Amino acid sequence: MFGPTRALLALVALAALSSGCASAREGYLYDSQAPRKGSILFQDARATSGGLIAQLADGEQCTGKFNTVPDEVEVDNETGRVDREDSQVGLAILKCGSQHVVRCGFQRDHAGAGYGHCSDTAGRHFDLYF
Amino acid sequence: MTSKLGCLSVIGGLLLSGCVGSQQAQMYSMKDGSTATLVLDSPSASAGSVSGKLASGANCRGSFSTLDPANAKKLASPEMVFTENASASVAVLSCDSGTVLRCTLARRTGEAFSYGECRDQGGTQYSMVF
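Order-wise, the sequence lines are chains V and Z. Under numbering that gives the first Met the number 0, think of the first position of the first sequence as 0, with each following residue one higher. Under numbering that gives the first Met the number 0, think of the first position of the second sequence as 0, with each following residue one higher.
Here chain V stands alone, though its shape is the one from the complex (with noise of 0.2 Å):
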């Protein structure tokens, strides 16, 4: 069904995956009018930018992606350039349903942990944890 270059690509990704070089990163989005939380995934968070999955507290489906800046950093001395982000500022954005869209300004760590606030098409403010 499949040729030999096609499945050592699948067992190079699949091996790629399981160690660690996409780690994905789950965190929540709480609605900051009412006591209930939904779900976002960043699909590789050691990635600058990348992916999204997420499911609002009332079970909306939404997709998206985001990318970063560099926040703190470390630099190497002679040369002047980083050697590290310390810790990295983003926003992302998701498609939700027919014309709704949610924006979040986020902060993270070099591990992939970080917070944020989100506004969407519909007035709604959620914060974001992840």
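Wrong hints could be hidden among the right ones.
Reference excerpt, derived from the structure (chain Z facing chain V, CB under 7 Å, subset only) [what the hints assert, rightly or not]:
no.	residue
1	29
2	31
3	32
4	78
5	80
6	84
7	85
8	94
9	105
10	113
11	114
What the hints contain is simulated information worked out from the structure, not anything from laboratory work. Keep in mind the model is a prediction, meaning the values are calculated, not measured. No residue lacks a Cβ here, since even glycine has one placed at the ideal position from N, Cα and C.
Starting from the structure of chain V, add chain Z where the hints point.
Frame of chain V, contents of chain Z only:
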């Protein structure tokens, strides 16, 4: 044949690294969820031209340039986070329909853009993740 392949590899590398070419994002209206597009030419340069197309079909043209992240912060919504260790840019676009978009954008220094937002003269915000 070998030299042709070499040239193609160099061109491909340049395109992938963002040294030449353009960068496009889908902008989401935070008022009604409608989508527009924004295209930045020379996305890793400190200044360049930018174009866009609103959901109404109106075409927009303008330019972007770099500014101090502290000043970009004053122009943007709370969810748009800027840091001193990232590069901030501002873009202004004038559209056929009379709409004027003022945009703030964030990126790693010397790299292509990560995220941004625009605001029109009516106060409608448009968010984008590259």
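Now the hints, each set against the structure:
At about 6 Å, the closest approach between the beta carbon of residue 29(Z) and any beta carbon in chain V falls short of 7 Å, and the interface hint on this residue holds. This hint holds: residue 31(Z) has a C-beta 6 Å from the nearest C-beta of chain V, less than the 7 Å allowed. Because the beta carbon of residue 32(Z) sits about 3 Å from the nearest beta carbon in chain V, less than 7 Å, this interface hint is met. Proximity of residue 78(Z) to chain V holds as hinted, the smallest CB-CB distance being about 3 Å (cut-off 7 Å).
Annotation: residue 80(Z) was flagged as interfacial toward chain V, and the flag holds, the nearest CB pair being 4 Å apart, inside 7 Å. At about 5 Å, the closest approach between the beta carbon of residue 84(Z) and any beta carbon in chain V falls short of 7 Å, and the interface hint on this residue holds. A hinted interface residue such as residue 85(Z) counts as satisfied when its beta carbon comes closer than 7 Å to some beta carbon of chain V; here the least separation is about 3 Å, so the hint holds. Because the closest C-beta pair between residue 94(Z) and chain V is about 21 Å apart, greater than 7 Å, the hint is violated.
The restraint placing residue 105(Z) at the interface with chain V holds, with a minimum CB-CB distance near 5 Å, inside the 7 Å limit. For residue 113(Z), the interface hint holds, since its Cβ comes within 7 Å of a Cβ in chain V; the closest pair sits about 4 Å apart. Checking residue 114(Z) against chain V: minimum C-beta separation of about 4 Å stays under 7 Å; hint holds.
When the structure is compared with the earlier hints, a violation turns up for hint 8 alone.
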